[in-house]
Amino acid sequence: MTTGQPAILAEGLVKRFGDITALGGVSFEVPVGKVLGLLGPNGAGKTTAVRILTTLLRPDAGSAHVLGVDVTVDPHTVRGSIGLAGQYAAVDENLTASENLKMVGRLTHMPATDIGPRGRELLQQFALGDAADRVVRTFSGGMRRRLDLAASLMHRPPVLLLDEPTTGLDPQGRSELWDVIEDLTAEGVTVLLTTQYLEEADQLADYIVVVDHGLVIAEGTVSALKAQLGATVIEVALRSVDEATVAATKLESVGPVAIDGKVVHVTLLDGDGGAAMLETVRALDGAQLQPATLVLREPTLDDVFLELTGHVAEQAVENGTDVPVPGGRRRRRRRS
Amino acid sequence: MTSVSTPPRATSSLAQVNRPRIFGDAMTIAWRNLVNVRRNPQLLAFATIQPVIFILNFRYVFGGAISTRSLGGTSYVNYLMPGIFVQTVVFGALTTAVGLAGDLNLGIIERFKSLPIARSAVLTGRTTADLARNLFVMILMCLIGFAVDWRIQSDVWGLLAAVLLILAFSYALSWIFAFVGLSVKDAETAQAASFPILAPLVFASSAFIPVQTMPGWLQPWVKHQPVSVVCNAARDLTLGLPAGSDVLKASAWIVGIVAVFAPLAVRKYRKVT
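Sequence order for the protein chains is Y and U. For what it's worth, our numbering labels the leading residue of the first sequence as 15, then goes sequentially. For what it's worth, our numbering labels the leading residue of the second sequence as 6, then goes sequentially.
Certain hints may be false.
Claimed, not checked - From chain Y, some residues computed to sit far from chain U (all C-beta separations above 12 Å):
| no. | residue |
| --- | --- |
| 1 | Val149 |
| 2 | Gly187 |
| 3 | Trp192 |
| 4 | Leu229 |
| 5 | Glu266 |
| 6 | Leu282 |
| 7 | Asp284 |
| 8 | Asp286 |
| 9 | Gln302 |
| 10 | Thr307 |
| 11 | Glu312 |
| 12 | Leu322 |
To be verified - Just a few of them, taken from the derived set where beta-carbon distance is under 7 Å, the chain U residues facing chain Y:
| no. | residue |
| --- | --- |
| 13 | Thr33 |
| 14 | Arg37 |
| 15 | Val40 |
| 16 | Ile113 |
As the list claims (entries may be wrong) - Only some residues are given here: those of chain U computed to face chain Y with a beta carbon under 7 Å:
| no. | residue |
| --- | --- |
| 17 | Asn45 |
| 18 | Pro121 |
| 19 | Arg124 |
| 20 | Glu193 |
Just so you know, the hints here were simulated from the structure itself, not pulled from any lab data. Virtual Cβ for every residue (Gly too), placed ideally from N, Cα, C.
Model the full assembly from the supplied sequences, consistent with the hints where possible.
Here it is as structure tokens:
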């Protein structure tokens, strides 16, 4: 019995393309039924890791196992137990939605009698029921992405790899896809998800591995990462710089303070934001100061990323301008 | 808890279910490619209208300039038709390259490679679909040929043998162009890369014009290159001439091309990312 064995295990993965090191020794594991978020900017090596796990690339060093099977030793068995949906929505434009699913069903050697019902079930589940017999060429980007995901699920793979599943989707398409992915994880499917959207990892993943320039730079549960790296902050905006200076001295009892113009940041060293807030209000009131705004801010994954990498996750820059790189080649990003 | 029981069950059953099915997988891919042809009217139009234009053009425009004396007494249309058949399948082979390069670019090859299918399936499926398309085009061209006074001088078996030989040649060519299609970046490049290979094969051949009318230095190449050899064999078979040696040479070319390019293409497919 293999209870306790992780569904996905990557150990020291190294992959170079010429003189570019896409992965410089990356390790992670995904327990059965869990969702791992592989988070990082473009060119961090996320896609390369997925391509190794899906047997599309061989690592130069290190090893990868899916359900205990080594991807380089027995790639065929691995292919039978994984589903892959990617950022390129690899569906056939000239087939209808149901024909696409039929093709994948046949190629995954599902019983012939199971293919039709399973296809219809997935199309319903992904809100493509009405478009079942439409040629995919006429689909919107979100519909294609949902079909791509449906295709990857045809043969009920126990392990699902999603490579930036929502890149390029509008907010509605993204939230629809999130719902679908959440449903899947509720069914016990193991998911490895790559994303450059911090809120996406926050929303979907049980555990996050942050990669940058081919290396793991942090990992942990979402809450652990936040606790470890981004402290809760109280932001007090005053009406003048003078007031801010006064407030800062009064608030030193709450925690370390920093002044940024008219704004005072108070970093909370222990977790009790409510008590600290109350103390802040009292201190301000005692000094007869009335803040313009007073905010208790939980750290976001953006803060985490900034703290870890020294540069902002590049999602804002990438949005809408992201160009798919053929073959998933790593693209160098300028550090900001 | 399902999360504990799922993987072992899945691993064992999937390992049994998912042995590669060399024939079945290829047929699924072929089906998919044929649906693509049907859904892409431009591709079908290219495959059918172009040879028809070639027939009419050579039969009625250029044909008058070629003396029947140089053809050994047969009419030009009887000389021409086997050549047009071969020319059509040669240019048709380009669609193998264009189609594969397109799939590669759209990420469909990626999906196929992540599925538990036979390594050869995508390529044999593609070449098989192209074979079916060629069969359709050949039947259409025979009908057009008959309408413009092409007459078989041998018998129906001679015609069938000629058609089979040309289809076998088209299949061999598909493997060359599968290799080309996997070696280039996109469909446009595939098209551009294919033409320089095709043009000297088709035009410096006995497809349209008797070899004797060409300059002496060119003749050795023209006589022995595969397009000429297949044209000659098909011509012998339809004109009722002794065909044995030409058919043998043509078969040698066909077997040779497949033997070299099928492994090359499959290897390229494995490596391509």
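Practice item. Hints the structure violates: just list their numbers, smallest first. Key: Checked against the structure, the hints that fail are numbers 1, 19, 20, while the rest are satisfied.
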